[in-house]
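Participant: For reference, the chains in residue letters:
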Amino acid sequence: MTGAARLSADQERHLVVAAGSGDLDACRRLVEEFLPAIGSLARRFPHGIGVQRQELLQEGVAGLLFAARRYDPDLGTPFWAYASYWVRKAMQDLVAELTMPVALSDRAVRALAAIRAARNEHLRRHGVDPTTDQLTEATGFTRDQLHRLQAAARTPRSVSGPAARDGEGGAEQLGDGHAELAFEQVLDAIETREVRDLAERLGERERTVIRAHYGLGGPAQTLKQIGQGLGLTAERARQIEAAALGKLREALARPAPPLDSAP
Amino acid sequence: MRSGTTALRHTALVYDSREEYVARAVAFLREGLRSGEGAVVAHTRPGLALMHEALGPDAAAVTFVDVSAAYTRPAHTLAAYHDVYAEQLRAAPSLRAVADVQFGPDPGEWDLWTGYESVFNESFAHLPAWVLCTYDGRVLPEPIRDAVWRTHPVVLDDEWTRSDRYEQPGRLLRRTAAPAGPLPGLRPIGFGRDAEEFRERLARELVAAGVPEHRTLDMLLAATEVAANAVRHGGGVRDVRVGRVAGRFACEIVDAGPGFDDPVAGYLAPRPGIGSGLWIARRLTWQVGFFRAPEGFTAQILL
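Protein chains in written order, with this note's numbering: chain L, 35 to 297; chain A, 70 to 372.
If you are wondering where the hints come from, they were derived from the structure by calculation, not from laboratory data. Please read these numbers as outputs of a predicted model, since none were measured by experiment. Fair warning: there could be bad hints in the mix.
In silico contact screen, one side only, chain L against chain A (beta carbon under 8 Å); selected entries [to be verified]:
| no. | residue |
| --- | --- |
| 1 | Phe79 |
| 2 | Gly82 |
| 3 | Gly249 |
| 4 | Lys258 |
| 5 | Gln262 |
With the Cβ distance kept under 7 Å, some of the chain L side facing chain A (calculated, not the full set) [unchecked claim]:
| no. | residue |
| --- | --- |
| 6 | Ala52 |
| 7 | Ser55 |
| 8 | Arg103 |
| 9 | Trp114 |
| 10 | Tyr116 |
| 11 | Tyr119 |
| 12 | Asp127 |
| 13 | Glu131 |
| 14 | Leu180 |
| 15 | Leu232 |
| 16 | Tyr248 |
| 17 | Glu284 |
| 18 | Leu286 |
| 19 | Ala287 |
| 20 | Pro289 |
| 21 | Ala290 |
Glycine included, every Cβ here is placed at the ideal spot set by N, Cα and C.
Taking the hints into account, I'd like the entire structure generated from these sequences.
Facilitator: Rendered as structure tokens:
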């Protein structure tokens with residue numbers, strides 16, 4: 035018996051490892067399998083603490099996927115016995131964050147208002163939340179400024195807030211819509227943070243050469259075939275690939291500046 | 070203990086209340102800020118909010134790092150901190166950081182994270198950084214409490230106290246890290262003429278095994294680094310074996326050299342004079358291990 039009732043221990047192990055390794059389909063299946071267990075943990079948080087059920091679910095999903103990335107099956111601990119700690123911790127952190135009486139400076143409040151306005155405008159125009167890059171473009175803040183504000187400036191909520199909001203009071207069952215939304219939002223964040231990282235460091239042509247050469251997303255091609263497709267010689271395609279790999283290597287091993295070069 | 074930091078100071082604090090954490094962490098950071106040092110706070114989001122509030126106007130000069138998802142594997146966590154510290158050190162001559170340590174509930178992985186704290190001493194030894202690792206004493210298991218003194222040369226108790234239990238990282242890692250061994254069921258694919266053919270062969274296996282695209286690239290880069298080491302220092306690649314083992318894609322690279330015995334290899338942050346191949350391989354994969362076998366010294370990479 036595993037935390038996900040429909041899986042054998044072996045299936046669960048494979049699913050967790052695949053999800054932890056970045057397989058998005060496996061992430062999706064893992065969340066589907068464990069959503070009832072996450073929902074059950076979410077229901078243990080009392081109503082009226084100023085945190086929406088959907089927010090708890092979202093954090094729970096993030097906690098589950100974090101656990102999958104950290105879980106080592108060789109240690110012998112059943113996955114849910116391990117993951118439930120991180121799911122609960124993620125929810126507890128959210129509750130602490132949202133109920134903490136944090137007073138923001140006037141400047142921070144104004145900055146947050148600008149971010150909120152940009153986000154709402156983007157939502158109105160495009161129907162989806164903006165990415166960090168889109169927010170930086172719209173507000174003029176740097177990514178660093180945005181992250182700082184977001185780290186410390188979630189809207190404070192009182193622990194003595196209303197007992198139920200948005201018609202969720204007393205509801206023990208989690209709606210599929212909530213669950214789906216929770217998962218999609220967490221998945222988007224993961225994709226943005228991890229999946230695109232390496233590829234983002236490459237130019238379009240470099241990406242094309244590497245993907246084609248190694249059969250990523252299509253049949254593998256020789257450098258000669260790739261060169262022909264791009265109107266280049268095979269040697270030029272090889273040079274582009276070598277430069278791309280060198281660029282990735284450099285980015286992954288970039289040293290901190292030496293002491294004598296600091297300002 | 071004053072900063073004037075020219076190399077790493079890796080210190081620790083075990084706090085018994087939220088108030089104690091905030092008071093000591095804020096005093097520590099403000100002293101550095103007054104001296105023109107950079108400042109970093111790493112914590113969960115509630116911890117960051119708390120520190121942001123307590124620092125007041127000084128918060129504007131501090132970089133806040135959400136660690137909620139950072140502690141997945143020691144090499145990944147080291148890389149994440151290195152990126153943050155390197156960024157800070159482009160703007161300041163030295164820095165101070167307060168990092169709340171996230172231990173999980175499973176005693177089976179405590180050795181792994183104790184090893185991380187230990188290797189931190191050598192990984193960032195060259196950086197002008199004074200790092201204060203903080204531990205919530207209210208929930209700290211006894212083995213971790215002991216490990217704090219074994220992995221930090223100096224601990225902030227009633228005052229800064231030099232640890233008489235501190236262990237050299239190499240010794241601690243050798244004692245706690247599980248040795249790798251050959252994996253069953255892997256298939257030999259050979260190295261080919263050169264690194265390019267090696268990557269082509271490996272990529273075919275990764276794609277056939279259904280490894281996601283971005284992870285395939287991770288493995289190609291990691292294995293290229295390990296193979297380059299084998300060619301450069303190990304007398305050439307004798308064989309390459311690949312396959313899926315318990316859900317993970319595995320690649321073993323056997324070389325012709327005598328091998329090495331260095332438990333911190335690949336954990337040292339990039340710097341002049343230090344090879345960065347294993348650092349790259351570790352940060353892109355789940356695990357890189359080494360063992361001696363009858364057919365040769367073997368590097369084992371698990372994705």
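Participant: Does each hint hold? Answer for all of them.
Facilitator: Tested hints:
Of the supplied interface hints, the one on Phe79 (chain L) is violated, with its beta-carbon coming no nearer than about 15 Å to a beta-carbon of chain A, more than 8 Å. Given the 8 Å rule on beta carbons, the hint for Gly82 (chain L) is violated: about 19 Å separates it from the nearest Cβ of chain A. Interface hint at Gly249 (chain L): satisfied, since its Cβ lies 5 Å from the closest Cβ of chain A, which is below the 8 Å cut-off. Because the smallest distance between the Cβ of Lys258 (chain L) and any Cβ of chain A comes to about 13 Å, over 8 Å, the interface hint for this residue is violated.
Here the hint on Gln262 (chain L) is broken, as its CB sits about 18 Å from the closest CB of chain A, past 8 Å. At its closest, the beta carbon of Ala52 (chain L) sits 6 Å from a beta carbon of chain A; the interface hint therefore holds under the 7 Å criterion. Interface restraint check: Ser55 (chain L) against chain A, minimum CB-CB distance 6 Å, threshold 7 Å, status holds. A cut of 7 Å between beta carbons decides the hint on Arg103 (chain L): the least distance to chain A is about 5 Å, and the hint holds.
About 12 Å separates the beta-carbon of Trp114 (chain L) from the nearest beta-carbon of chain A, more than 7 Å, and the hint is not met. Below 7 Å, beta-carbon pairs count as interface contacts, and Tyr116 (chain L) has one with chain A at about 6 Å; its hint therefore holds. Checking Tyr119 (chain L) against chain A: minimum C-beta separation of about 4 Å stays under 7 Å; hint holds. Checking Asp127 (chain L) against chain A by beta carbon gives a least distance of about 5 Å; that is within 7 Å, so the hint holds.
Look at Glu131 (chain L): its Cβ gets to within about 4 Å of chain A, closer than 7 Å, so that hint holds up. A hinted interface residue such as Leu180 (chain L) counts as satisfied when its beta carbon comes closer than 7 Å to some beta carbon of chain A; here the least separation is about 12 Å, so the hint is violated. The interface hint given for Leu232 (chain L) is met, as the beta carbon of that residue sits about 6 Å from the closest beta carbon of chain A, less than 7 Å. For the restraint placing Tyr248 (chain L) at the interface with chain A, the shortest Cβ-Cβ distance is roughly 4 Å, inside the 7 Å limit, so the hint holds.
A least Cβ separation of about 9 Å between Glu284 (chain L) and chain A goes past the 7 Å threshold, and the interface hint is therefore violated. Interface restraint check: Leu286 (chain L) against chain A, minimum CB-CB distance 5 Å, threshold 7 Å, status holds. Interface restraint check for Ala287 (chain L): the shortest CB-CB distance to chain A comes to about 4 Å, inside 7 Å, so the restraint holds. The beta carbon of Pro289 (chain L) comes within 4 Å of a beta carbon in chain A, closer than 7 Å, and the hint placing it at the interface holds.
Taking 7 Å as the C-beta contact cut-off toward chain A, the hint placing Ala290 (chain L) at the interface holds, the least distance being around 4 Å.
Of the numbered hints listed earlier, those contradicted by the structure are 1, 2, 4, 5, 9, 14 and 17.
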